[in-house]
Amino acid sequence: MKKIVIYPGRFQPMLPHHAGVYQHLQAQFPEADVYISTSDKVEGTKSAFNFKEKVAIMTGMHGIPADKIIQAKSPYLVDSYKTQFDQENSMVIFAVGGKDEDRFPMKNIDDKTGLNMATRGETRPTYYQMINTLKQHPALPMEERGYIYVAPNIEGKGEVA
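Numbering (the numbering used here), first residue to last: 886 to 1046.
It is worth saying that the hints were derived from the structure and are not from the lab.
Please read all numbers here as calculations on a predicted model, not as lab measurements.
Hints may contain errors.
Label pairs and their in silico Cβ distance ranges [claimed, not checked]:
#: 1; residue 1: Thr968; residue 2: Gly929; range: 29 to 35 Å
#: 2; residue 1: Asp987; residue 2: Pro915; range: 18 to 24 Å
#: 3; residue 1: Ala1024; residue 2: Asp964; range: 19 to 25 Å
#: 4; residue 1: Pro915; residue 2: Ser959; range: 37 to 43 Å
#: 5; residue 1: Pro1026; residue 2: Ala912; range: 22 to 28 Å
#: 6; residue 1: Leu962; residue 2: Met1002; range: 40 to 46 Å
#: 7; residue 1: Arg1009; residue 2: Glu916; range: 27 to 33 Å
#: 8; residue 1: Gly999; residue 2: Val927; range: 37 to 43 Å
#: 9; residue 1: Asp971; residue 2: Asp996; range: 31 to 37 Å
#: 10; residue 1: Met946; residue 2: Gln1021; range: 17 to 23 Å
#: 11; residue 1: Thr998; residue 2: Met946; range: 16 to 22 Å
#: 12; residue 1: Ala912; residue 2: Ala951; range: 18 to 24 Å
#: 13; residue 1: Arg988; residue 2: Lys967; range: 17 to 23 Å
Below, computed lysine-lysine pairings styled on PhoX-like, alpha-carbon distance capped at 20 Å [said to hold, decoys possible]:
#: 14; residue 1: Lys953; residue 2: Lys887
#: 15; residue 1: Lys931; residue 2: Lys958
#: 16; residue 1: Lys953; residue 2: Lys888
#: 17; residue 1: Lys967; residue 2: Lys887
#: 18; residue 1: Lys953; residue 2: Lys926
#: 19; residue 1: Lys937; residue 2: Lys953
#: 20; residue 1: Lys992; residue 2: Lys931
#: 21; residue 1: Lys953; residue 2: Lys967
#: 22; residue 1: Lys997; residue 2: Lys1020
#: 23; residue 1: Lys997; residue 2: Lys967
#: 24; residue 1: Lys888; residue 2: Lys997
#: 25; residue 1: Lys937; residue 2: Lys926
#: 26; residue 1: Lys887; residue 2: Lys1020
#: 27; residue 1: Lys958; residue 2: Lys926
#: 28; residue 1: Lys967; residue 2: Lys888
Even for Gly, the Cβ is constructed at its ideal location relative to N, Cα and C.
Using the sequences plus the hints, can you model the full thing?
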């Protein structure tokens, strides 16, 4: 099964410590295709750069190949990638930093299986699971499951990625 790692974020702009996380992901997952995902959302000074401008910064300043940068309306949601990847034959790992870990809450971990379980409706594992669950359970394709990897913090000039 093909392995895909997605590093989602606003990247307003991408700074050297963000590029350091990308490089870490390439080293951590050498058998995977590692992508950066960001939106085209522009919103005042909080999100000043559009997608095209972010790509120019990522490729020009940080040497990230343009074909490894994905535009996604909602970069943290797997639905944004349904047409870009083979859902049946690829597994997906979302790489987030500690400050974005709460985007994927894991608040109902089953003691027996180690899986995060749904809290409403039928008892079943949720779509997103921590990557360490792969130690106990076989990898599932992205049509069934997404995995979360918490990347280490990399500091640069007072910023943390």
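Hint check:
no. : hint                           : result
1   : Thr968 <-> Gly929: 29 to 35 Å  : holds, 30 Å
2   : Asp987 <-> Pro915: 18 to 24 Å  : violated, 29 Å
3   : Ala1024 <-> Asp964: 19 to 25 Å : holds, 20 Å
4   : Pro915 <-> Ser959: 37 to 43 Å  : violated, 28 Å
5   : Pro1026 <-> Ala912: 22 to 28 Å : holds, 25 Å
6   : Leu962 <-> Met1002: 40 to 46 Å : violated, 20 Å
7   : Arg1009 <-> Glu916: 27 to 33 Å : holds, 29 Å
8   : Gly999 <-> Val927: 37 to 43 Å  : holds, 41 Å
9   : Asp971 <-> Asp996: 31 to 37 Å  : holds, 34 Å
10  : Met946 <-> Gln1021: 17 to 23 Å : violated, 41 Å
11  : Thr998 <-> Met946: 16 to 22 Å  : violated, 44 Å
12  : Ala912 <-> Ala951: 18 to 24 Å  : holds, 21 Å
13  : Arg988 <-> Lys967: 17 to 23 Å  : holds, 19 Å
14  : Lys953 <-> Lys887              : holds, 15 Å
15  : Lys931 <-> Lys958              : holds, 17 Å
16  : Lys953 <-> Lys888              : holds, 14 Å
17  : Lys967 <-> Lys887              : holds, 15 Å
18  : Lys953 <-> Lys926              : holds, 19 Å
19  : Lys937 <-> Lys953              : holds, 14 Å
20  : Lys992 <-> Lys931              : violated, 30 Å
21  : Lys953 <-> Lys967              : holds, 16 Å
22  : Lys997 <-> Lys1020             : holds, 13 Å
23  : Lys997 <-> Lys967              : violated, 31 Å
24  : Lys888 <-> Lys997              : violated, 27 Å
25  : Lys937 <-> Lys926              : holds, 11 Å
26  : Lys887 <-> Lys1020             : holds, 18 Å
27  : Lys958 <-> Lys926              : holds, 8 Å
28  : Lys967 <-> Lys888              : holds, 15 Å
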